[in-house]
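Student: Residue numbers (this note's numbering): 14 to 273.
Since the hints were made in silico from the structure, they are not lab data. Treat the hints with caution; some may be incorrect.
Mimicking DSS-like on lysine-lysine, the simulated pairs with C-alpha atoms at most 27 Å apart in a straight line are [what the hints assert, rightly or not]:
1) K52 - K98
2) K52 - K72
3) K98 - K72
So the derived label-pair ranges between C-beta atoms look like this [what the hints assert, rightly or not]:
4) S60 - Q195: 56 to 66 Å
5) P239 - G197: 21 to 31 Å
6) L124 - P58: 52 to 62 Å
If you're wondering where the values come from, they're calculated on a predicted model, not measured in any experiment. We put the beta carbon where it would ideally sit given N, CA and C, even for glycine.
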Amino acid sequence: MTIAGGLAASGCGSTRMTHTPRTATEQLLLTSAWDDAVKRIDFSPLSGVPVHLDTTNLKGHSDEGWIASSLRQALLTHGALLRTKPEEARWIVEPRVGVYGTDSSDWMIGLPQLTIPITIPGLPMGTIPEVPIYKKSHQRGVARLALFAYDRQSGQVVWTSGTVTADADNRNTHLGAIGPIQSGTLHRRDESGYLPAMPGLTTQGGVHFDEPPALIVPAVPPPPLPPPPLPLEAAPEPDPMAAPLGLPPRILGDGMDLKK
């Protein structure tokens, strides 16, 4: 009876864990660097102009959707009139990506991993794991882009953004058996020290926004001011010779009342 009760009370479970082809850290590094680069571009010269974004040069990039959508948002935010068809636009905006990737570096103070070959007599073949005293790894995402616009009819260049390069980084430090101690732009915290924050990130109700949400509407000119009031006519100065109010008129002269 006791054994049956113990078996009924015991149990086991397992959790299935999967991994995406690209790590979340890699995606955060790349999209954060790209967003930072886009924010550095001044799109204000395109304000009020019907434009079409030509995304031909963005084909094949791993984050093509994010790249194209962020450029459309930047154009609309700065007042450009986005058109889906080139024939409906006055200017064609063409972006190009020079760099969109990651690199990494590692260095360590301690004993590196060693492989014992079978040729050493008396020692079995195997691998000795590394024994780090101090170890540091650095992963960096870099984005480099440029845009220009040309007139659809004349083909002349009307605007260039210049070339912009931005990066984001992730650092991991191990001190003996302590670690990883993480730092870098992906692990910055807001003033409360509770939620991780990206460059320029703000939090609202526990939700992260690289830019605070805002309703963007065309500027409406203020109503005209009412005309200034007409100046009031100055009241006439009192006549010293006029009779007091409520009394019959009298003619005064030489101290004599002429009506007597």
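Student: Each of the hints needs a verdict: does it hold here or not?
Tutor: Hints, one by one, checked against the model:
1. Note on K52 and K98: the hinted pairing holds, with a Cα-Cα distance of about 25 Å set against a maximum of 27 Å.
2. The hinted pair formed by K52 and K72 meets the criterion: a straight-line CA distance of about 22 Å does not exceed 27 Å.
3. This hinted pair checks out: K98 and K72 have alpha carbons roughly 18 Å apart, not beyond 27 Å.
4. At roughly 41 Å, the beta carbons of S60 and Q195 sit outside the given window of 56 to 66 Å.
5. The hinted range of 21 to 31 Å is not satisfied by P239 and G197, whose Cβ atoms lie roughly 58 Å apart.
6. One distance hint, 52 to 62 Å for the beta-carbon pair L124 and P58, holds here, with the actual separation near 59 Å.
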